[in-house]
Every structure is written in C-alpha cells, then in structure tokens.
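Colleague: Here are the chains, one letter per residue:
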Amino acid sequence: MPADGAPPGEGLLGFAEAMDASPAETAPAPGPELHLLTFVLGREEFGIPVTQVREVIRVADITRVPHAPAHVRGVANLRGRILAVVALRSRLGLPAAEPTPRSRIVVVDLRGRVLGLLVDAVSQVTKVPEASVVAAPEDVRSAEADYVTGVARWQSRLIILLDLEKALAPTE
Amino acid sequence: MPHSFLVIDDSKLHHQMYRLIFGRGALAGSTVYYATNGREGYGLLAAHPELTMVLLDLNMPEMNGLEMLERRRAEAMHPHVPIVLVTTEGTAEDEARGRAAGAWEYLRKPFQPADVERLVLRALAEAAPTS
Amino acid sequence: MGDSENPFGELLQDYVLECLPLAEQVADAFVELERRWREGDPADTLLTSLAGRLHTVKGNSAMMGLVPMRETAHALEDACALLRQQPECRNDEAASLLVAGGSLLVDLVRDASAELDPAPAARFVERVRQWLAAGGAPAADTQPERRRAERRGAEAPADPDKAANVVRVDFRRLDAMLEVLGEGLIQHAALAEAYRALAPRARAGPELARLDHAVVALEKTLKRLESTLMETRLLPISTVFARFARMVRDTAEAEGKRVRLVTAGGETPLDKAVLDRLSEPLLHLITNAIVHGIEGGEVRRQGGKPDEGSVRLEAAPQAGRVVIRVSDDGRGLNEQAIRKKAEALGQELRDGETVPLRNLIFLPGLSTAERVSTLAGRGVGLDVVAGAIHTLGGTIDVATAPGRGTAFTLSLPVTLAIVRSLIVEIDQERYALPLAHVAETVRAEPEAIREINHRGVAQWRGGLIHVADGGALLGTARGRPEPRRYYVVMSAGGKRRGLLVDRLVGHQDVVVKGLDAALGRPDVVSGTTILGDGRVACILDAVRILEGGRRAG
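Protein chains in written order, with our numbering: chain R, 1 to 172; chain X, 1 to 131; chain F, 1 to 553.
Check the hints yourself; a few may be wrong.
Stated by the list, open to error - Below are the SDA-like pairs computed for lysine to any residue, each with C-alpha atoms no more than 20 Å apart in a straight line:
#: 1; chain 1: F; residue 1: K495; chain 2: R; residue 2: E55
#: 2; chain 1: F; residue 1: K513; chain 2: R; residue 2: V114
#: 3; chain 1: X; residue 1: K12; chain 2: F; residue 2: E267
#: 4; chain 1: R; residue 1: K166; chain 2: R; residue 2: D109
#: 5; chain 1: X; residue 1: K12; chain 2: F; residue 2: G65
#: 6; chain 1: X; residue 1: K109; chain 2: F; residue 2: A399
#: 7; chain 1: F; residue 1: K513; chain 2: R; residue 2: K166
#: 8; chain 1: X; residue 1: K12; chain 2: F; residue 2: L12
#: 9; chain 1: X; residue 1: K12; chain 2: F; residue 2: K513
#: 10; chain 1: X; residue 1: K109; chain 2: F; residue 2: D14
#: 11; chain 1: X; residue 1: K109; chain 2: F; residue 2: L218
Unchecked claim - According to the in silico footprint, chain R covers these stretches of chain F (three or more CB under 8 Å from chain R):
#: 12; stretch: 36–49
#: 13; stretch: 68–78
#: 14; stretch: 204–210
#: 15; stretch: 467–476
I should point out that these hints are in silico values taken from the structure, not numbers from a laboratory. The structure presented is a predicted model; accordingly, all values stated were derived computationally and were not measured. Beta carbons: idealized from backbone N, C-alpha and C, even for Gly.
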C-alpha cells in the first residue's frame, strides 16, 4: 500500500509498478488464484478482477450532467474520450463524500463499455487464492444488495468482491 | 516521350479505373483527359492532336460513341489518333458498325489493365513507321 | 481467378456510390411499370429508358468482377428485351419478375463485396431463363409458391452486418478521422485561448504577430479539412428513398388502395449518420399517409379525385440544412377532433387563442389515441416521429387542408458530427447551445424581466416570452446570490423561450460525443463535447427544453 500522501506514478498508477510490488506480499499460494485490483470505500476494501481494469487516474475536472441519476458524478475528459464517472459510494448505498487527494478514478472496461469509478483510494493489485473466497456475510449482503459475489479472507484482510456488470448495468 | 490519352465515358467509376490503369506500370506518368459524353470528348479530341489513343464508351447520353465516331469521320478530325470503342458484351454486329464508323479497335468489358496496355503498345507500333 | 484479385477491387465503394442509385432507379421503374401495365398503359418509353442504366450496372459489375450483379442485370436486360418486342407479355407475371429482379439487384449492389452469396442471383437467373424459354409465359407448376418465397426473400431486411460491409468499414475509418479532427479542433481552441490570454500581457512585436497569424491560419486549415471530411461522409438521400417504392406498393396493396410514390431530390446529399437514423421516421410518415391519409377509391371518386392516391417524398438542400417533405393528397387532418382530444388531454386553449395545430399534433398520447386516429385519420405515434427528428437536431412541421391532403416538412442538419454552438456559463458550469436553436442573446437588464404567475416574462421583439433560470432548469441554482446577466432566446418548431445565463463565453464548433448509458437519458442534454480548455461540457437539447414547457419555468 502506498504511503499516505505519496501515491505512485505521475497521476497514473502504473500497473507494472503495482504488480512488481505485489509478489513480495503474495507468497506462493496453492491452487488457482484471483487477480484483483483492490480499492477503499469508507472503511471497507473492495476487489474487482484486474481484467476489467484499464487504468487508474487522478481525479480531474468532472463535469456535472443535469438530471442524471444520483450515483452519476458526471463526465470527464479521458484523452479526448468522454468518460462517465460513477460515484461508487452512492451506487453501493454508502454515504456520499467529497473527493480527497487520495481519491482516484478506476477506469474499467465492461465488455466494451468504458466507465470511471470514483473511489476513496486505490490500494493495490493483489492475488488471492480462490479457496479464500466465502459467501458474503449477511450484513454485507444487505448493504450492497446483489452486487457482491463473495468475500475473500486473506492474510488478515477482508476483500469484498464486486460484480461490476450488475452494479453498473445501463440505466433505462 | 510521355503518352497522352483521352477517356470518354459517362461512368465516374470507369474514370477511376482508367486512373488506376494509367497510373501504374509502363503507362505511369501519362497525361489523361476525361470526358463524360461524346460532345465533351469530341471537343477534347479536337484540342489534342498529340493523343496516343482514345478510349470511347459506346453507351452514353448526349452523343454516344457511335455518333461521335461518325462526326469525327465526317469532319476528318485527327484521323491519325486511334480510337478504341469500349462496350459491354457487344455483338459482332455492333463491332462491325463501330469499325465502319472508324473505330480502330474494339474493347469489351470486362477488360483487364493488361488489355489496355497491349492496345497502347500496338497503337505505338502502328504509329511508328509513318512518323 | 479469384474475385478478390480484381485489379479494381479498391474501387468497391465508388462502385456502390455509382451503381446503387442506378439500380434503385431501375427497381423503381419496374414498380412503376407494374402499375402502368395494370392500367393498360404499355409504357413503352419507360421500358426503353431504363435500358441504359441497367446496361451501366451490368458493365460496371462486370469490370469489378461482381458476377451475381452482372448476371442479375443481364437476366433483367434479356427479360426487358423480350418485353419490348412482345407487348402482349406485359402482364402481372412479367411485372412481378421484374420487380423481384430489381429488388434483388438493389440488395446485391448495396451489399457489394467479393464474398457475396451467389445463390439468390442464380435462382433469379434460372427463373428468368425458364420464363424466356416459355416465351414470356409463367412456368405454371412452381410459380406462385416460388414467387411468394422470392418476394419474402427480396424484402427481408438485409443482414445489418453484411448490409454495409464495405461502406461501413470505410465509414468507421471516417469516424476515426473525425475523432482526430475533433481533437485538432479542441487543441486549436486551446491554443487560441492561450494566445488571447497572453496577447495583452506580451510586448507587441513580430513574434506576436506571427503567432497571431499562425493561430488564424491553422483554424482555416482545420476548417478546410473539416469540410472535405464532411463531404466524404455524404451519401445521396436516394439510398433511403429507394427503400420506400416497394414498401408503398405492398402497404397500399394490403390496404386495398392504389397509391403511387413520387420522389424528387434524391440526389440531395446527407451525412450517413443522419441517413441511418432517418429511414424509420420517414417510414412512419409514409405508412400513416397510406393507411390514414389516402382515402379508399370510392371516397376519392366522390371527392372528384383520381382513384389513385399519391404520396410525395421530396428533398432539397436549404441553407446548410436539408428539407424533406412528405405529403399526400388524402383527406387531411381532422383539426376539430385533434383540438377536442388535446383539450381532453389537458392542453389549455385559453382565451379563444388559437394554438397552432403543429403544437398539438406532436403531443405524446395525442395521435396515438384511438379515437383521434379513426376520426382524424392519422395513426400511430407522431410524437415518436417528432422525437426522432428532434434527436437528429431537426424540426418537423405540419400543414393540412381538409379534403386536399397533409404535408409534413422536416428540416435536418446535413451532418451531426460537428455543431456550431454558443458556449454559455451557468453556475460555473459551461454548456454548449447549438446555434441552430439560438435566436438571439440579450443582456438582462434588472427591470426587464417581470414575474407573472411565478414565471419570468420579458419583452422580446414586440411580444412576450417566458424566461427561465438556467440554474433552476439544470439543477445547479443554490439560492440566488447575484442576478444573471444575460438570457439566450432559444427557438425551435415555432416555440421560443429565454434562458438566463451568467456568461456568454463565445462561439465554437463542437464535436458531438455521445452519452454513456450509465447517464440515463437526461432530458435536457443531447450530448457532450470537449471545450478548448479540455473540460467536458454538456450540449443542451434546445428542443426538449422548449418542450419542457412550464415544468422548469
């Protein structure tokens, strides 16, 4: 985990860098593993498959979109492309919060749909054994509805696994 | 000596095709004039006695190929310039009428770039001894 | 000798551009022949005049090595030759054969590629061969069934992926080029902005003048690039019109009516992106005209009209836009019924003031109401049609005369991709307003806007218009610390309305970008764009804002 106030990379969390850092921590584990990008919302740590992640960027100007759904933070300019940015907190029913210097936008690619997720902080790319995943405890499930596929308990951490395609299904 | 050609065809697609044919191989660097009907084509023929060869489509609005050939013969306009009549699946009868009207050769669609190149070589060969 | 090795393969798109309109004219002529023959008119001239076009399609197809097209055109030529010599063969059977072949030819040319399925053409050629062998008489046994099958085949919508095989690939590339151009325009805007900020502070000198010159020259160059690229994206509107000839024939047949489609201005060019989204609304309007506008033969005779109704479809360029008119010579709209229905739907018709028909006919729920549709003779969902036209940045208007007919007039932008806009600022957010819908910008003097019935009203050009607060409309107003300094008068479809803004930033050609589905369908925003400073701005949907009526006022 990067030291407070000193996030790695120049506005872009280099994956290579993050991945170089990870092996030390993830000691050889038996059986198949999940390759996750983990991030923080409030006091919880969430994980999504790295295959869905394109990049992580700093929070720049986000333009409000009038009359958009409440969980949509707005749109941003991603190198000439319009990126819709979702406030993942409000999508998951957590209390809203203003971005801080540690906030990041995780750019995900869900089968061709490119979206930005506003998160409180990005922790790292990590590998957890599939065997460490258990069904979500009741209290987690009620808070985050059916977007949670399970919870990984690994090296004293608790990572909530998100199904982004469900959480970010297009709004009618 | 650079060659020059006149294409008379109402199809813009055919202009593009000739552009490809005259733009490569031995013919690259040739000057090509384009007309979309016989009237326009006749004007260009009159202005360019130096033409190496003319490719004249048979079916066109505003003076078709046959009509243009007949006018050219009547006015004896640059009779030394060989005119190739281009048709789609023309009959032997068409061909005879074309030749009678003064067409030097006959080219049937579909043709290949090589067919045009062969005709050009022949035209040059036939023109050589007299000059 | 593989077709893919054709020396002219790279000209496939040129082939489609040249041959598709020709094939469509031939197909339309066949439909017209069928109609005339039924009336006993031998239509010799028409039969002769289409020969040249058919011949060109055959010749071009041959050159391109496109065998199915060449064979189909050839078979049609043979059939036409026989029909020219033997007028007694000009019957329904022959007409069906020609119509099916014309239809097939259009489909083949539209989908032109080297990997085309040769089977439908081979079947058609065989059918013509049998018909010719029988001396122009139907091969009795299999005919009716086969005919039905073939007609279905011909009319089934072309496989969307295959349909624009070549053209689509090319247009994607054009779209990519447009993206790059868009970035260039944005970078230029950034450069110009930086120059404007720098110029007052810098010392005047030759360098500054050179920079100024370069900024201006670059803009001109980018504009030239833009117009060239835009031209490349244009296709004749006949590519859409052509689909309707057969549709009109079949719909009329199903309704037991006689209707002819007259088209004009098919050569009018339009961006492919607009064309692709235009065919559906036009289809609605034409279907409505046939089903509800044109009367049955009996009624028409009583009204002193010819038995056969006509639907006209006309296009013409007009001041950077394209105007399309769909008109019929039917019974016209029942205005009274529409007004009654509108009242029932709660549309105020105060003070005997006459609300123009066009403000009612496109209301949701009005034209779909069954009662009106039977009374007024107008069918389904004109609000849906209007919505589709509005999303294209267009307008729609209607005129009608009882017993004489109805005309819908559409005005559309030639292209969607780049829109000249006024950039405004409201509560620190910037928005783009397409200039097509901006009538004027006005400085908002403190006393000029009065409040009537809790709505702002201002005098404008000798009348009164409603003026809404931009922040309230867009949901950004928090209290109101300072009065806004300007209002923009927006106008569309005869409606006008003012929108109060803080600042007029300037004019800019904005490259329209879409909205992700995650954004829902925000009803006042039609798209997004990137401004000179790199920030994203929403493009306001003037038409929707004007329609929004009092909600946000």
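Colleague: Now, for every hint given, state plainly whether the structure supports it.
Modeller: Okay, the hints, checked on the actual structure:
For the proposed pair F:K495 and R:E55, the alpha carbon gap of about 46 Å is over 20 Å, so the pair is violated. Distance hint between F:K513 and R:V114 is fulfilled; the C-alpha atoms sit about 14 Å from each other, no more than 20 Å. Our distance criterion of 20 Å between C-alpha atoms is met by X:K12 and F:E267, whose separation comes to about 15 Å. Straight-line distance between C-alpha atoms of R:K166 and R:D109 comes to about 13 Å, which keeps the hinted pair within the 20 Å bound.
Taken as a hint, the X:K12 and F:G65 pair is honoured in the structure, with Cα atoms around 17 Å apart against an allowance of 20 Å. A C-alpha spacing of about 51 Å is found between X:K109 and F:A399, which places the hinted pair above 20 Å, so the restraint is violated. Taken as a hint, the F:K513 and R:K166 pair is broken in the structure, with Cα atoms around 25 Å apart against an allowance of 20 Å. Our distance criterion of 20 Å between C-alpha atoms is met by X:K12 and F:L12, whose separation comes to about 13 Å.
The suggested pairing of X:K12 with F:K513 is violated, with an alpha-carbon distance near 35 Å, which exceeds 20 Å. Between the alpha carbons of X:K109 and F:D14 the distance comes to roughly 18 Å, so the proposed pair stays at or under 20 Å and holds. For the hint linking X:K109 to F:L218, the alpha-carbon distance of about 47 Å lies beyond 20 Å, and the restraint is violated. Residues of the stretch 36–49 of chain F with a Cβ under 8 Å from some Cβ of chain R number 0, which does not satisfy the need for three, so the listed coverage is violated.
With 0 residues having a Cβ less than 8 Å from any Cβ of chain R, the stretch 68–78 of chain F misses the three-residue criterion, and the hint is violated. Requiring three or more residues with a Cβ within less than 8 Å of a Cβ of chain R, the coverage given for the stretch 204–210 of chain F is violated, as only 0 such residues are present. Look at the stretch 467–476 of chain F against chain R: 4 of its residues bring a Cβ nearer than 8 Å to a Cβ of that chain, three or more, so the hint holds.
Checked against the numbered hints given earlier, the structure breaks hints 1, 6, 7, 9, 11, 12, 13, 14 and satisfies all the rest.
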